[in-house]
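2 protein chains.
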Amino acid sequence: MKVVIIGGVAAGPKVGAKINRLCPHADVTLIEKGEFLSYAGCGLPYYIAGEVKEQKELMCTPVGVVRDPVFFQNVKNLKVLNRTEAISVDRAAKMVTVRDLRTAEEKVLPYDKLVFATGSSLIRPPLSGIDLNNVFSVHKVEDAEAIRAALAQNKAKDVVIIGGGLIGLEMTEALARHGARITIVERLPHILPMMDADLVIHVMKYLESKGVKVRCSTLVQSFQGNGQVASVRTDKGDIACDMVIVAVGVRPNTGLAKDAGLELGKTGGIKVSSTMQTSDPDIYAAGDCTEGCDLITGEPCFIPLGSTANKEGRVAAVNVCGGKDVFNGVLGTAVVKVFDYTVARTGLGEERARKAGFDVVTVLSPAPDKAHYYPAAKTIMMKLIADKKSRRLLGLQVVGPGEGDKRVDVAVTAITAKMTVDDVAHLDLAYAPPYSPAMDNIITACDIARNKMDGVFEGVTPVEVKAMIERKADVVLLDVRSPGEVQAFPFPGSVNIPLGALRKRWTELPKDKEIVAFCKISLRGYEAAMILKGEGFTKVKVMDGGLAMWIS
Amino acid sequence: MKVVIIGGVAAGPKVGAKINRLCPHADVTLIEKGEFLSYAGCGLPYYIAGEVKEQKELMCTPVGVVRDPVFFQNVKNLKVLNRTEAISVDRAAKMVTVRDLRTAEEKVLPYDKLVFATGSSLIRPPLSGIDLNNVFSVHKVEDAEAIRAALAQNKAKDVVIIGGGLIGLEMTEALARHGARITIVERLPHILPMMDADLVIHVMKYLESKGVKVRCSTLVQSFQGNGQVASVRTDKGDIACDMVIVAVGVRPNTGLAKDAGLELGKTGGIKVSSTMQTSDPDIYAAGDCTEGCDLITGEPCFIPLGSTANKEGRVAAVNVCGGKDVFNGVLGTAVVKVFDYTVARTGLGEERARKAGFDVVTVLSPAPDKAHYYPAAKTIMMKLIADKKSRRLLGLQVVGPGEGDKRVDVAVTAITAKMTVDDVAHLDLAYAPPYSPAMDNIITACDIARNKMDGVFEGVTPVEVKAMIERKADVVLLDVRSPGEVQAFPFPGSVNIPLGALRKRWTELPKDKEIVAFCKISLRGYEAAMILKGEGFTKVKVMDGGLAMWIS
Chain A
1 MKVVIIGGVA AGPKVGAKIN RLCPHADVTL IEKGEFLSYA GCGLPYYIAG EVKEQKELMC
61 TPVGVVRDPV FFQNVKNLKV LNRTEAISVD RAAKMVTVRD LRTAEEKVLP YDKLVFATGS
121 SLIRPPLSGI DLNNVFSVHK VEDAEAIRAA LAQNKAKDVV IIGGGLIGLE MTEALARHGA
181 RITIVERLPH ILPMMDADLV IHVMKYLESK GVKVRCSTLV QSFQGNGQVA SVRTDKGDIA
241 CDMVIVAVGV RPNTGLAKDA GLELGKTGGI KVSSTMQTSD PDIYAAGDCT EGCDLITGEP
301 CFIPLGSTAN KEGRVAAVNV CGGKDVFNGV LGTAVVKVFD YTVARTGLGE ERARKAGFDV
361 VTVLSPAPDK AHYYPAAKTI MMKLIADKKS RRLLGLQVVG PGEGDKRVDV AVTAITAKMT
421 VDDVAHLDLA YAPPYSPAMD NIITACDIAR NKMDGVFEGV TPVEVKAMIE RKADVVLLDV
481 RSPGEVQAFP FPGSVNIPLG ALRKRWTELP KDKEIVAFCK ISLRGYEAAM ILKGEGFTKV
541 KVMDGGLAMW IS
Chain B
1 MKVVIIGGVA AGPKVGAKIN RLCPHADVTL IEKGEFLSYA GCGLPYYIAG EVKEQKELMC
61 TPVGVVRDPV FFQNVKNLKV LNRTEAISVD RAAKMVTVRD LRTAEEKVLP YDKLVFATGS
121 SLIRPPLSGI DLNNVFSVHK VEDAEAIRAA LAQNKAKDVV IIGGGLIGLE MTEALARHGA
181 RITIVERLPH ILPMMDADLV IHVMKYLESK GVKVRCSTLV QSFQGNGQVA SVRTDKGDIA
241 CDMVIVAVGV RPNTGLAKDA GLELGKTGGI KVSSTMQTSD PDIYAAGDCT EGCDLITGEP
301 CFIPLGSTAN KEGRVAAVNV CGGKDVFNGV LGTAVVKVFD YTVARTGLGE ERARKAGFDV
361 VTVLSPAPDK AHYYPAAKTI MMKLIADKKS RRLLGLQVVG PGEGDKRVDV AVTAITAKMT
421 VDDVAHLDLA YAPPYSPAMD NIITACDIAR NKMDGVFEGV TPVEVKAMIE RKADVVLLDV
481 RSPGEVQAFP FPGSVNIPLG ALRKRWTELP KDKEIVAFCK ISLRGYEAAM ILKGEGFTKV
541 KVMDGGLAMW IS
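Line order of the protein sequences matches chains A and B. Under this note's numbering, think of the first position of the first sequence as 1, with each following residue one higher. Under this note's numbering, think of the first position of the second sequence as 1, with each following residue one higher.
Isolated chain A, as found in the complex (with noise of 0.2 Å):
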């Protein structure tokens, strides 16, 4: 069996190194038009850090041993061609016809099995300006070499990053590390757009504070600068810098595939079924130049991610050598760390669960992530997205320095088996105090979500209780924290009711009238809500997360 891979970095040496493992004597190629085959892309950003010493470290196994086109040759038996550009596929011929980029030789390669792994390029927006020097980009082991050596050269005092995704936050720890004053510029109102507005709002005051600027709803419109970029023109206003970072996402690449006639999805990338399989049964496609399926939704997206091309990978690998393996689609999961913060997300958003047809509950809970008493314990704001007539988990976000990638990898599994918020609520999951609180986070949060789908209370939204505010709307704001709390930390235009005090005066708070309460957490807003409700009042609402997840 012929197999010809088309791409080696990520999800093409998977297929390649698997196929060769199931079937030993497959003769497999492996064409990649760059000089570096299987480099850990996703960790350019340490390395520009300096926290990844070597580049040598990025083109390693875990055990120390370089992935070069002699290892690929030795260890997984593939024939590597490197430097060498794939430039058209016949496929009633079933041959791909490749270019050597150094000596511009062109020949032709017979399969029998053809697999697309061509990933993904960078958008790279057609701004005038866009190629002063010291206008950059993250995405090949070069990108990374040139920031390096302008940091190396002292210039980059003042960094401009276009785009406030993944790629373009990690860029702006990394730099941050090496001293830079940063500025991150984003079209839309707020950064990491796969976030909820009102959880993500935490993390650009997280920003802000670490003395990063935030800059939203803007655009950008040219470069300026003589020779190196001095500034970055948008549409509010000119930003001075040394340097600049364009971060604003990748596109698959699907020119190859387009003009050999396969399919391509309806957000740009290569069609493929859950076998991998392309819309020639001979050619499959794996990774980044792939259309991706939502698991919840059945929706396509396009979420390029190294896990998922390594899954992928083996997928395909498992299918071209005829055994049956299949991938049905991901949850959009998505983590980075911002400083010491964690933020991530997976499944659907409180927007998009709406649009997709579900009665949405919303919990927002914030928590320690360990036991309260634990010193290590460190904040979660978590945010869950649940349906009321399945009561299945949908969605989960969190926010801040705890440990909060745990909690959504176990909502990914949940959300995976289609779990309801009470299956979740009684898993067994690991507790002692250095670990988590004695019912964890994503325990806590189920619970809160199932007290609202089942009537025990009313939540409203911080946001909400905002608009409330702002439109002078005729709420009595239940404060029930303790005196101390209130003075350190007062809210103005509330009524102030210790929670202790309020079985005794509640006679205070008008019957007629809409009350919200509230306290640091809104345990306590609960508690009081309760107390109100089982003294007739009926309409109580608990402002959600209580001031911990207050937007100011």
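These aren't lab readings, by the way, just hints derived from the structure by calculation. Be a bit skeptical, because a hint or two may be false.
Copies of one chain are not kept apart here, so a pair can be met inside one copy or by any two copies together.
Said to hold, decoys possible - Below 25 Å or equal to it, Euclidean Cα-Cα: the simulated DMTMM-like pairs (lysine to aspartate or glutamate) are:
| id | residue 1 | residue 2 |
| --- | --- | --- |
| 1 | Lys513 | Glu105 |
| 2 | Lys2 | Asp325 |
| 3 | Lys155 | Glu263 |
| 4 | Lys533 | Asp27 |
| 5 | Lys324 | Asp454 |
| 6 | Lys418 | Asp112 |
| 7 | Lys324 | Glu458 |
| 8 | Lys324 | Asp238 |
| 9 | Lys140 | Glu35 |
| 10 | Lys56 | Glu485 |
| 11 | Lys418 | Asp325 |
| 12 | Lys466 | Glu208 |
| 13 | Lys378 | Asp340 |
| 14 | Lys389 | Asp325 |
| 15 | Lys533 | Asp112 |
| 16 | Lys337 | Asp100 |
| 17 | Lys388 | Asp235 |
| 18 | Lys370 | Asp143 |
| 19 | Lys513 | Asp100 |
Given the coordinates of chain A, assemble chain B onto it according to the supplied hints.
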């Protein structure tokens, strides 16, 4: 509705608070024998260690509100009778007789619903000398204060800890922080009996590297000393010491329930249905005093944990109030911090899985918990247990400095949802270099399990290889590491052919003999087996986990 709850530490207050929120006018009385209510018993080792500074912190809510009887009355609307013991239950008359331990006064409390939350008691073996000074247990706040007082007087230079379970290990770290020299004495062949022997051996090696002596298969016979303990007598000799911690487990407090004629389970706890109802429909029970149910096998179990107590308490409260909620059982999940190691497990161990009739496949996989090039990456040694027939994940165990608790929580969720290893291998877990490898540890372990189930390769455990060496079996131990690695850490009796040379040098190996291939983590060992299989070898196995899991 009159509700009486017996027990005020973990499940009891949860039941009471939840009942009050659901039925604000219920008349709820909470009876507690001790002085303290709702304290964080799991936090005692960290208070003894000095990590938690004030006793008060263990008594507070996450926002610092002290949970004293006044708090329960004013906030939770519970009548609290502390220092009060329930001495009998008249089920026909629906009355509980209680005695005030301060005044010896007795009174009778009528109930509509009664809840047992009587918790568990320490097992205190009836050995000679157990009442000597400085022989402690760790169960109540008073125990912790006594140990802290002894530490303050510098009376803990040499400590013997009887019992190598979770509390024993938490106390090991707590006392080591004070500079104590520690010996753990365990009657079983290994500490942490909930873990599999081949994984826990790495915990024992680590403890020894930290200066802790571990004496297994050792029976304590008596405590020697004059007033204060001076040594522990065992069947293997005396161990000199100035402090002893007895941590041999707890048993459910069921005397009152038994006297009242409630049915007890096989494991000794109060028998309850999934609604937490006892054999008397008006009596519920929750927490340590109850018998649990293993979610996989359906067998009864006794696994007292604060996390389970909270979940069961909520379920009991909902049902007491006429709602409907169920708690189906637990997976025996446990986690413990042992210095810088995280040791955790869930589901069935290898032996129990076999006994339960599963066709067991196991995987040993040592791998970094983050991208291997990310400097903060640390190793997790992982053991996965699955069923070949159904392909279901059955159990996961982790040991090492890496974040194993995250992977165990994913396994908890997957096992509860009855996921297969194929399902888990395709989970869209959160990936970025500071959080996981591109293929998360649990995904890699599941892929290895899939390869074994599909007959791609055959494994042999380090325990089996050691036995082969000891019986001088006619087997070739094929080390495919690089010469440099072999020189640094030789493996006597093996043949070294580096993986990269194997495609040329396989002719040096005999086809008729059994061959066990390995490397540092057996990834190259696996590649080697695939290469040899391709060349017609039929007797090649791979040593599970490689030298990283070797037991010496």
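**Asked** Hint by hint, which ones does the structure fall short of?
**Response** 1, 3, 6, 8, 16, 17 and 19
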